[in-house]
Amino acid sequence: MNIITLDKLSKRYRISQLGAKSLREELARLFGRSGNTGADEFFALREVSCEIEQGEAVGFIGPNGSGKSTVLKLLARIIYPTQGKLIVRGSVASLIEVGAGFHPELTGRENIFLYGSIMGMRQADVRAKFDRIVEFAELERFIDTPVKRYSSGMYVRLGFAVAAHINPHVLLVDEVLAVGDAAFQSKCLQRIEELRRNGMTIVFVSHDMTAVERLCQRVFFLQQGRLQAAGDPQAVIGEYYQTVVFQQRAQVSATAVDGRSARVVEILQVRFFDRAGTAVDALATGAPMIARIEYQAHQAVEDAVFELSFYAADDRLHCQFTTALAGERLPLTPGRGVIEIECDELGLTPGVYKLDALVQARGALTAYDWKRRAYVLNVLPGKRVRGLFYAPHQWRARPLAD
Amino acid sequence: MEAPGQAGAGEPVLENTVAWRESLRAHLRELWRHRELLWLITQREIKVRYKQSLLGVLWAILQPLSLMLVFTVFFSWFARMQSDGIPYPLFSYAALLPWTFFSTALSFAIPSLIANSHIITKIYFPREIVPLASVLAAFLDFVIAAGVFVLLLVLYRVPPTWNLLYVLPIVAIQLAFTTGICLLLSAFTVLYRDVRHTLPLVMQIWMFVTPILYSASVVPPRWRAWYFSLNPMAAIIDGYRRTVVQGVPPQGRYLALAALVSGVLIWAGYKYFKHLEREFADIV
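Order-wise, the sequence lines are chains A and B.
Note that the working numbering has the first sequence beginning at 1, numbered continuously upward.
Note that the working numbering has the second sequence beginning at 1, numbered continuously upward.
Take the hints with a grain of salt, since some may be wrong.
Claimed, not checked - Looking from chain A toward chain B, a few residues come up when the C-beta cut is under 8 Å (computed):
| # | residue |
| --- | --- |
| 1 | I79 |
| 2 | H103 |
| 3 | Q123 |
| 4 | R329 |
No lab work stands behind these hints, which were simulated from the structure alone.
Note that CB positions come from ideal geometry on N, CA and C, so glycine has one too.
All chains, full assembly: derive it from the sequences and hints.
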């Protein structure tokens with residue numbers, strides 16, 4: 001049975017209505033020119049239709065401003081749709097911003113009852129679950145302290161602890177787990193998975209594709225308020241990457257041009273190939289990768305070092321290849337040339353990577369050429385990865401001989 | 001681990017179909033379902049107001065009591081204001097008590113939605129709970145301060161009469177009138193912030209056009225019908241004074257009109273509030 005039905009659901013905002021008006025402005029608009037036309041409008045969500053079944057865990061993904069959070073807020077009844085139909089058969093609780101209902105002057109204990117009630121729990125029910133909530137939040141010692149004295153971590157822990165014990169039909173989870181330490185984050189994810197196994201319907205919104213893939217059975221991809229794709233997580237996440245990369249690539253190629261050529265060695269291009277030798281801009285996790293650096297040497301170089309570094313979306317270095325460790329000397333003669341890296345199984349997880357390419361003399365402090373974040377590699381979901389990277393491996397099974 | 005949707009032992013699973021054009025009755029049912037929350041938020045209002053204050057609940061008593069003392073000194077002893085033969089402290093306290101309830105309720109309820117915007121934009125619950133809690137908290141203050149009034153009545157040896165029973169419908173009328181205005185204006189304030197700035201002035205003027213410092217009998221008879229019809233609070237305050245202190249029945253005609261106005265106001269206020277409610281989270 002469908003527990004949630006969205007039928008051509010739209011949410012429109014009037015740009016001029018963001019923020020309240022003063023009466024005078026309103027009167028001026030009423031009697032003056034009423035220049036309130038379509039240009040003033042903005043659709044956060046446009047005719048989105050989908051159905052979610054009881055007990056399903058689904059994810060909404062998309063770039064910022066694509067309408068993911070609008071969907072959650074509509075489901076949570078915080079905002080009202082402009083057009084279309086929205087049916088939710090059951091109670092809804094949201095982890096949209098945990099702890100939003102807390103009052104700083106009240107103690108943790110008082111806030112548990114208040115927040116529980118705001119989230120739709122009966123007082124008797126809160127009382128019954130009180131000890132479990134406090135234990136989950138790990139706040140036994142501070143439960144009678146006003147929450148204004150709590151640290152932000154304690155605040156979130158208390159908020160999540162209450163929300164995780166409400167037991168609604170539908171649980172809405174926004175990116176709430178960004179706060180709190182790693183141990184508590186994994187505790188939260190465990191709790192969400194436990195709830196899912198017990199048959200709760202979960203709607204999850206996140207930028208963390210690993211978490212989405214791990215938690216969700218079905219994924220909806222939103223872009224500019226429209227439903228772009230829906231279905232199997234791997235396929236939809238793949239499509240999401242394709243679309244996002246397409247945009248980022250256009251941006252990068254505009255900045256990658258560098259006019260100076262008075263260098264000893266210049267990096268011209270970095271390209272990727274699959275095993276068949278076809279140039280590609282996307283590769284799947286676990287697939288073979290060939291990266292080719294094209295360079296031009298204006299002088300002879302005795303011993304050059306090439307480096308290729310992969311930076312993830314958060315600008316953290318995820319992987320680096322360098323010829324410095326290859327051991328042998330690498331002399332360059334004047335003219336153009338290529339240097340290739342071959343990798344049997346790509347270990348990077350799905351995502352967009354920006355690349356640095358660098359060439360320098362061995363042991364030198366300055367580079368001949370250093371192209372910063374100048375190239376893009378898009379890694380698609382391929383071999384399943386749970387964790388930070390994919391490690392090439394094989395399994396072997398055999399009985400243990402005595 | 002219990003199955004999802006089971007709120008607790010023996011609690012029925014609530015069928016919560018979200019429809020966007022609900023009737024007034026459905027709204028009331030939804031409000032009833034959240035009655036515990038209304039009570040908790042009321043408690044929160046009270047607790048937060050009195051926490052960290054030295055006098056605590058005494059504030060509820062202090063406000064009308066101090067005004068009464070000042071009024072007695074200046075208007076009764078110095079200005080020799082006539083008070084229909086009733087001791088002036090009783091005369092003024094009987095009016096200050098309900099007036100304090102009214103003005104406290106308005107001053108807390110009208111900006112309440114804006115003050116609670118951080119919850120409104122994050123969590124769903126029937127929004128009317130927020131202004132209603134402010135009205136209820138002010139009402140509890142009123143009940144506490146009424147205890148002092150009973151002491152005053154005993155002190156001045158005012159004999160109780162059957163007319164005292166009129167207090168119950170008068171309180172009901174005042175509650176309806178106050179709630180109606182609070183619903184209407186709290187929603188209106190979300191759209192137009194001007195209300196907040198004009199409120200203190202309006203309340204001051206309103207206090208002077210209501211028989212609080214003076215007796216309604218000082219209003220010339222030919223103006224009296226207008227005086228009571230245009231200001232339901234005048235009929236309500238006059239009603240308290242007559243029934244509790246003077247021991248006579250209220251002026252039925254004007255009180256009935258006030259009841260009618262209050263009834264229409266609470267209905268229209270609720271309707272208007274629920275109509276605007278959909279946009280609160282977008283605007284506030």
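Hint by hint, which ones does the structure fall short of? 4
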